[in-house]
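Given the coordinates of chain A, work out where chain B should sit on it, guided by the hints.
Number of protein chains: 2
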Amino acid sequence: MDNLSDTFFALSDPTRRAILLRLSKGEATVGELAMPFEMSAPAITKHLKILERSGLIRKEKDGQLRRCILQEKPLKGASEWLEHYSHFWEDSFAQLDDTLKAMVGKDHSEEGAK
Amino acid sequence: MDNLSDTFFALSDPTRRAILLRLSKGEATVGELAMPFEMSAPAITKHLKILERSGLIRKEKDGQLRRCILQEKPLKGASEWLEHYSHFWEDSFAQLDDTLKAMVGKDHSEEGAK
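From first to last, the protein sequence lines are chains A and B.
Residue numbers for the first sequence follow the working numbering, so the first one is 53 and each next one is one higher.
Residue numbers for the second sequence follow the working numbering, so the first one is 53 and each next one is one higher.
Among the hints, a few may not be true.
When chains are identical, the list treats them as one kind, so a pair holds in a single copy or across two.
[Stated by the list, open to error] List time: in silico SDA-like cross-link candidates among lysine to any residue, alpha-carbon distance up to 20 Å:
(1) 111 / 156
(2) 111 / 79
(3) 153 / 54
(4) 128 / 138
(5) 113 / 136
(6) 101 / 57
(7) 111 / 83
(8) 128 / 57
(9) 111 / 133
(10) 101 / 61
(11) 128 / 61
(12) 125 / 91
(13) 77 / 138
(14) 125 / 140
Keep in mind the hints are simulated off the structure, nothing from the lab.
So that you can see chain A by itself, here it is in the shape it has in the complex (with noise of 0.2 Å):
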């Protein structure tokens, strides 16, 4: 896969986003990321795999321990592919402000005559 692909594909389930969101708050080791979840210690660990695979997280060697640590430039990636398609919400946006700016505009007009 390509590295877009590994990232969205990382970040395509729940307890890798919670893992995510956990290291956004600071390191953490493989055992204090597994606390919060019901899981096996392998289900836990093969999450792990596919977030370093896709270059979300690297580990670090602390003693006996292993750290995680958030890396943002795959973020940064799905965040930028997104961003081309920004203009299609923020139109709909503009869209739906221009249709009620319309629509406060011929209530005014209306009174007005009234």
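Frame of chain A; chain B shown alone:
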């Protein structure tokens, strides 16, 4: 799967992203979407089903044809999720900027001392 997981999963394939890019330029029939890809009709249909399930596209009947239309809502949802992390790369840029400014400042003061 939840909506966000569906969206990120749908985006985790380059063919599906290429289909969305094509649809961002306007509606297209299934045949028109299949044309640029050396792929069987069932393979394209499978990709379209994943995109439809995630809400990224919707199909509309046009006589004998079925037109595909891009839907911005899931893209907006994914973009907003990623937005929460944007301070990470913005902070990194700010830090790099500070480092560069400090380096330039140091060079200038060293030059001044010569």
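We went through each hint and held it up to the structure:
no., hint, result
1, 111 / 156, "neither (57 Å within a copy, 33 Å between copies)"
2, 111 / 79, "within (10 Å within a copy, 44 Å between copies)"
3, 153 / 54, "neither (45 Å within a copy, 35 Å between copies)"
4, 128 / 138, "both (15 Å within a copy, 7 Å between copies)"
5, 113 / 136, "neither (38 Å within a copy, 28 Å between copies)"
6, 101 / 57, "both (15 Å within a copy, 18 Å between copies)"
7, 111 / 83, "within (13 Å within a copy, 46 Å between copies)"
8, 128 / 57, "both (14 Å within a copy, 18 Å between copies)"
9, 111 / 133, "neither (26 Å within a copy, 24 Å between copies)"
10, 101 / 61, "both (12 Å within a copy, 17 Å between copies)"
11, 128 / 61, "both (15 Å within a copy, 18 Å between copies)"
12, 125 / 91, "neither (28 Å within a copy, 32 Å between copies)"
13, 77 / 138, "between (27 Å within a copy, 14 Å between copies)"
14, 125 / 140, "between (25 Å within a copy, 9 Å between copies)"
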